[in-house]
Amino acid sequence: MSETSASVIRVANVSKVYGAGEAAATALSEISLDVARGSWVAVMGPSGHGKSTLLQIMGGLDRPSCGQVYLDGIELSTLGSAQLAYTRARAIGFVFQSFNLLSHLTALENIQLALWFGGKESKEGHARAIDLLDSVGLADKAHLTPSALSGGQQQRVAVARALANDPDILLMDEPTGNLDSASEADLLALLGRLHAQGRTIVMVTHNPVVAESAQRIVRVKDGRVEEDRYNGS
Amino acid sequence: MNLFKLVWRNLLRRKGRFVFTLGGVAIGMAAFVSLLTIGQGLDREIKKQAQGLGANLVVTPKGWCAYEQISVLTGEQLPEAIPMSEVDKIRAVPGVKNVIPYVNEKTAFRNRPVPVIGVLPEEMRALQKWEIAAGRYFNGADEPAVVVGAAIATQFQLKPGDTFTVRGNPLPIVGVLSEAGNKDDVASFVPLPVVQELYEVKGMVSFALVQVDDLQQVDTVSLRIQEKANVAVVTDKQLLSSILSIVGTVSGAMQAVAAVGVLAAAFGIINTLLTAVYERRREIGIMQAVGSTRRTLFAAFLLESGLYGLLGGFVGVLMGILGAYVLGPYLTDNAFTASLRQSPEPSLDGTTLLLTFGLSIGLALAAGLYPAYRSTKLSPVEAMRIV
Ligand SMILES: Nc1ncnc2c1ncn2[C@@H]1O[C@H](COP(=O)(O)OP(=O)(O)OP(=O)(O)O)[C@@H](O)[C@H]1O
Ligand SMILES: [Mg+2]
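The listed protein sequences correspond, in order, to chains A and B.
Mind the numbering: the first sequence is residues -10 to 222 in our numbering, read in order.
Mind the numbering: the second sequence is residues 3 to 389 in our numbering, read in order.
Within a straight-line C-alpha distance of at most 27 Å, the following computed BS3-like cross-link-like pairs (lysine-lysine) qualify:
id : chain 1 : residue 1 : chain 2 : residue 2
1  : A       : Lys109    : B       : Lys7
2  : A       : Lys130    : B       : Lys7
3  : A       : Lys112    : B       : Lys7
4  : A       : Lys109    : B       : Lys379
5  : B       : Lys91     : B       : Lys204
No lab work stands behind these hints: they were computed from the structure.
Sequences are here, hints too, so could you generate the full structure?
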């Protein structure tokens, strides 16, 4: 009981198989992972071994083929689509590996959209969206569409969007993958502040230096946890 | 960000497609409005002509049916098939107040056909309450002279003292009638005996109008006339309803065409939105991943289609009003309307316009239901993988 309440995210024996028959690909095989509230976890591992899949399943973007995922002790498959949407909008901030900004909206509007889904009206949304862009150093790019932004800038807009509704859980798929070392340091500092405020962060990264900022490093291989260690231990 | 802003941005993303789909809706609605409006105008014009008749009963030769009866209203050329002796018999029928026999002929004046109506001057004037705009009225029941309708006077620039030709015979114009707003404006009038002589139909008339003493007795009088004289009789109401039923089939056909146009517009909207759902499936996935409910996605597509209806309906109604005025004269060009003083004015009434506007929005919303439903059936992760 105490274990579940401490785990804000709990992945229990989750498998994920994409496709069927000959073409079936197993991305996760009976993986289990508990993430404590307020912890900062880095997920590492070779390409194509299920890191993104794990993150998506944790965020309720996809359903596991078998096994359960609990968020705050609630099993995700028991949620209806409206509740799931509410969770995605308010409780989780997701940064996609490929950013996934809406191409016809400006940086500002992309953030405003997320704010709107989280229940914020246009008026208050505007000021907050500007603040968020400022916090990732892009206040001056507010009115550019993604095609006019560099990869690193798009990535930072995606981070700002993930923070829009002050979620307790941040799930970030390679949030620093396209950043130079200065912006990377800035982002890590931002994440450090968010972590200090008590947010739970799970981030996928290939970069050992970035992973060192986290408290705990989970290595995923062949859809399983290969290594799970705490930093400095 | 709000729903309306999001939808508006989406709407304008493919400007060409937006314009063409909107054009389809607008044209469908324009057809609907103009055809409806023209039909109503035609109806109204017929009723006006029927009122201009001023009589309670119309006496026609035996065997006349609706199509021939229409010509009583239109002032077309008619065979003279009722002997004056029958007219005298009708005069003697109890309950008959007044009998006005007509001879309907046509003459060529300056190479244009003009109806020549032979009338009994005094009875006619009493029935129609004609006003004289210029000159004077006939000085007797057989004065060889012409009184012309207002529109004819304007068209040929005629004034009292000018000469009119009836079947090649010059007759002086003694007067011009004030505008009456019906077919009398486009005819020339000559005392009955004079016309009968010029057209060699002595003792015969085309038809006769009858006024009765007591409106309650119309049907009884009608029966009595048919007993006493060898003629057919219809009441003005029967005449009107048989004409309206003929015109009604024309209006019905126009409405069917309009309905097809409107349906085609609805399918245009469905098509455009299904394409949009397909094109945007990646971003629909992203929106869901970022926290959009299905309800929001549904509402967004429904609003998008509703806007097609709103904008298309608005443009369509405007185009339709224009179309009714421009195309109306051609569409209603037939034997009936050709003889009207002018082609029927389209009748614009607010109810029709509002109804069309509402129909446009309602239909567009209905058209949006399926695409909107489809948009909610995408799973976020699969949709996001699409490049
Ligand atoms: N929607 C899908 N359909 C089919 N196969 C998929 C799908 N998504 C992922 N896979 C497969 O599942 C496996 C794990 O993919 P995943 O994206 O989770 O890897 P990853 O660890 O994030 O890799 P990378 O470090 O390159 O981002 C891969 O073999 C991939 O091909
Ligand atoms: Mg990945």
